[in-house]
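**Q** Here is how the chains run, residue by residue.
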Amino acid sequence: MKNMAQLIKTILRYNKLTIASIIFVAIVVVAVFLLITYLFRSSSLHVEKDDKINNTAVTVESMRQIGEWEFLIISNEELVDTTRKRLFSDDELVRIYYGVLRLGIDMRKMTDKSIVMKGDSVIITLPEITLLDDNFIDEARTKSFYETGNWDGKAHEALYNKAKRLMKQRCLTEENKHKARENAIDQVEKIVMSLGAKNVRVK
Amino acid sequence: MKSKLTKVFIGCVVVLLLFFIVVQIVPQKTSSSDSQSEVVDTSGVLIRQVQKCSRLYTAEVEVHKIITHDDQLKLTGSIMSKPLGINIPLGERKIAIPIDATLKAYIDFSDFSEKNVERYGDRIEVFLPEPKIVITQSKIHNEEIKRHVPLFRSNFSDEELTHYEALGRRDIIDKIPKLGILPMAQEGAANVLIPMLKQLGYKEENITITFRKNFTIGDVQRMLVNGE
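Heads up: the protein sequence lines correspond to chains A and B, in order.
Numbering-wise (my numbering), the first sequence opens with residue 1 and increments by one.
Numbering-wise (my numbering), the second sequence opens with residue 1001 and increments by one.
No lab work stands behind these hints: they were computed from the structure.
A few of these clues could be false.
[Claimed, not checked] Straight line, CA to CA, 27 Å or less: simulated DSS-like cross-link-like pairs of lysine-lysine:
(1) Lys179/A to Lys1007/B
(2) Lys168/A to Lys154/A
(3) Lys1146/B to Lys109/A
(4) Lys1052/B to Lys198/A
(5) Lys1203/B to Lys52/A
(6) Lys1052/B to Lys179/A
(7) Lys1146/B to Lys190/A
(8) Lys168/A to Lys1132/B
(9) Lys1203/B to Lys154/A
(10) Lys1052/B to Lys49/A
(11) Lys1198/B to Lys52/A
(12) Lys1094/B to Lys52/A
(13) Lys1203/B to Lys164/A
(14) Lys1052/B to Lys1178/B
(15) Lys9/A to Lys118/A
(16) Lys177/A to Lys1082/B
(17) Lys1007/B to Lys168/A
(18) Lys85/A to Lys1052/B
(19) Lys190/A to Lys1082/B
(20) Lys49/A to Lys1007/B
(21) Lys109/A to Lys1082/B
(22) Lys118/A to Lys1146/B
(23) Lys1007/B to Lys143/A
(24) Lys1178/B to Lys164/A
(25) Lys1115/B to Lys203/A
(26) Lys118/A to Lys1132/B
(27) Lys1198/B to Lys113/A
(28) Lys162/A to Lys1203/B
(29) Lys1115/B to Lys177/A
(30) Lys1052/B to Lys164/A
(31) Lys198/A to Lys1115/B
(32) Lys9/A to Lys1175/B
(33) Lys1198/B to Lys203/A
(34) Lys1052/B to Lys1074/B
[Unchecked claim] Part of the chain A face toward chain B, derived, beta carbon under 10 Å:
(35) Phe88
(36) Arg95
(37) Glu128
(38) Leu172
(39) Asn176
Quick caveat, the model's predicted, so the values are computed rather than measured.
For every residue, glycine included, the Cβ atom is placed at its ideal position computed from N, Cα and C.
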């Protein structure tokens, strides 16, 4: 026990300077910590970044009259993903695209023979039901769902094309075209009757 | 030697402590509340909604816009009640996103009935409902996007890109009233309906197509269907 006390005394004497330094540095650290805490408590600092876009012009590329009669709307939300293989982990990009496919008739395809009067009867022959506009995805509404790694414009373009292909594949079915045609016949018949025709046949 | 090692050790501890304090006290904050509170519903992988309708599209406008964004990191706030705003050097990112969009105006014939038609002998007057405007498509020119990202900043994420694109779409919507699509839509409707009425036996001079007159900018914004 005596030996132990002797040993501690020797160590303390030998390391007197070092212990004093440690105490001094500890006091300085605490003082700096308290000072910084005081400064920041009485202040507020944020690293900010602006998420707004600049005010740029919207230019009109073209304006034209059209005659597209729409009879069926198919609204779509498509989750599309792509993966890139890496050595340790794969990169992944998942986006949600929104698109509206519009089925109907292009009135420019109607000819003089499309509406025929026979006595007090009207016979109307409608053109084929088609997809009114092949560009139907509202890409600016796209939502980013998940992303790991860096993806360039080519990858985004490929995803867009994939979403478009999937939407067309799922929506441009014979069943939907049939629904659109049935609705077209009902609607055209109703409108022509409202315009004063007594007997209307739409085919 | 021993004392030197102790000093180095203490120095490291002090540096680490200071770094920890600064990181804890200075929070990262963006000015967009939308991106933080936005919730994406993941339950519906695919949603399809089929709806019967009767809409006659009569006018189409194609527009182009370059969405630009300057992203400068700033240290803002106040120190001892004194306001502070410092641009962090080498912290400015820039991006330009070209976008095309198509807007179409249509007349909704879903509720069209005899109430919309008046006949006086061999004359006919058709009253059409007010046109509506819809964005039928938008296309980002993904491969033409230009960006500048400094060494010390992260690249633009997909979430940021879609956020700027949505803002660009909103800006296009806000500028629709200035595009003059409605007079063209009215004229287009007449150009589709008059030949039909002629084929039904009416003379062109006896046909009148009537619309609601004098649209204001407020009216045009109300007529926009998918302005969400």
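**Q** Holds or violated: lysine 1052/B and lysine 1074/B, Cα atoms, limit 27 Å.
**A** violated (52 Å)
**Q** Are the Cα positions of lysine 1146/B and lysine 190/A separated by 27 Å at most?
**A** violated (52 Å)
**Q** Min Cβ distance, phenylalanine 88/A to chain B: is it shorter than 10 Å?
**A** violated (20 Å)
**Q** Take the C-alpha atoms of lysine 162/A and lysine 1203/B, compute the straight-line distance between them, and say whether it is at most 27 Å.
**A** Cα-Cα ~50 Å, so violated.
**Q** Quickly compare the C-alpha distance for lysine 109/A and lysine 1082/B to 27 Å and report which way the hint goes.
**A** violated (71 Å)
**Q** Tell me if the straight-line CA distance from lysine 1203/B to lysine 52/A falls inside 27 Å.
**A** violated (56 Å)
**Q** So if I understand the rule, the pair passes when the alpha-carbon distance is 27 Å or less; does lysine 1007/B with lysine 168/A pass?
**A** Violated. Lysine 1007/B to lysine 168/A sits at ~71 Å, over the 27 Å cutoff.
**Q** Taking only the CA atoms, is the gap from lysine 1094/B to lysine 52/A under or equal to 27 Å?
**A** At roughly 12 Å apart (the allowed maximum being 27 Å), lysine 52/A and lysine 1094/B satisfy the hint.
**Q** Tell me if the straight-line CA distance from lysine 9/A to lysine 118/A falls inside 27 Å.
**A** Not OK: lysine 9/A and lysine 118/A at ~126 Å, beyond 27 Å, violated.
**Q** Between the alpha carbons of lysine 1052/B and lysine 49/A, is the straight-line distance 27 Å or under?
**A** Roughly 46 Å separates the two Cα atoms, so the pair is violated.
**Q** Between the alpha carbons of lysine 168/A and lysine 154/A, is the straight-line distance 27 Å or under?
**A** holds (21 Å)
**Q** For lysine 1203/B and lysine 154/A, compute the direct alpha-carbon distance and say whether it is at most 27 Å.
**A** violated (56 Å)
Violated hints for the displayed structure, listed by number in ascending order: 1, 3, 5, 7, 9, 10, 11, 13, 14, 15, 16, 17, 18, 19, 20, 21, 22, 23, 24, 26, 28, 29, 32, 34, 35, 37 and 38.
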